[in-house]
Amino acid sequence: MAQTFGSKRTVVGAHYGLRDWLAQRITSVVMALFTVAVIVQILLPGEMGYDKWSGMFSRQWMKVLTFTAVISLLLHAWVGVRDILMDYVKPLGTRLALQAATIVWLVGCAGWAVQVLWRL
Amino acid sequence: MADTVKDRPVYRNIHITQLPHYRLPAPGWVSILHRISGALLFILLPFTIWMFDASVTSEISYAGFTSVFSAGWAGLPGWFFKLVVFGLIWAYVQHFIAGLRHVWMDMTHATGLAFGRQSAIATLVATAILTIALGAKLFF
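If you read the sequences in order, they're chains A and B. Each residue of the first sequence is one higher than the one before, counting from 1 in the working numbering. Each residue of the second sequence is one higher than the one before, counting from 1001 in the working numbering.
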């Protein structure tokens, strides 16, 4: 067996526990609820246009739900993309670089989404 | 200890050269499509957030948002952007329904072969119907 502790410790693993797996499930439920909330509001009476669409996201409860969905997406996609990288990218340096890029990508996107939400 | 470990079979990812020889059952298709749709949603995230930004920020930005899909943008025609959105719709629906299946299986421990196969087929069929319906609304 290859040594995976001490100086040879695997530094890009999955923490070998329940936490990330559970986080991915919980965040998926949050995003599903957000999706249902958006669909229900689209189906409510009223012609779809700028007023109805932007009005949906202007309500305080919807802002909170959207913010929670964005943060959930951040955590959910991090676990998922990290799983993909762990399966297909074996060289440690490349994997670490791609994982770092994934975090930058996700944090950047989440920041942008929150910025849009904040000024509504 | 080392001798017993050596004789164990090792199962790795399917290598890309083996793909043509594999007959993937329905749950296998749902599994790999979950990955592909998730990766697609991840890669197109900036485009999704741009759509959110442009569509809610102001009436002027909303008009710009709709014109991208009719008149096009940066030399690319409007239908190209609709095609990208169609890809996003497929990925979202696929990932959403397959995700519900995942959560359901985790909560109920529904891990039997029959349920796995039937729910996988149901996932693929429901995704196809919803994607085509939403795509028709997008294009026509």
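Any given hint could turn out to be false.
[To be verified] Once the Cα atoms are required to be at most 27 Å apart in a straight line, the calculated DSS-like pairs of lysine-lysine come out as:
# : chain 1 : residue 1 : chain 2 : residue 2
1 : B       : K1082     : A       : K52
2 : A       : K52       : A       : K63
3 : B       : K1082     : B       : K1137
4 : A       : K90       : A       : K8
5 : A       : K52       : B       : K1137
Bear in mind the hints are in silico, worked out from the structure with no lab data behind them.
Right, here's what the structure says about each hint:
{"no.": "1", "hint": "K1082(B) / K52(A)", "in the structure": "holds (22 Å)"}
{"no.": "2", "hint": "K52(A) / K63(A)", "in the structure": "holds (15 Å)"}
{"no.": "3", "hint": "K1082(B) / K1137(B)", "in the structure": "holds (11 Å)"}
{"no.": "4", "hint": "K90(A) / K8(A)", "in the structure": "holds (15 Å)"}
{"no.": "5", "hint": "K52(A) / K1137(B)", "in the structure": "holds (18 Å)"}
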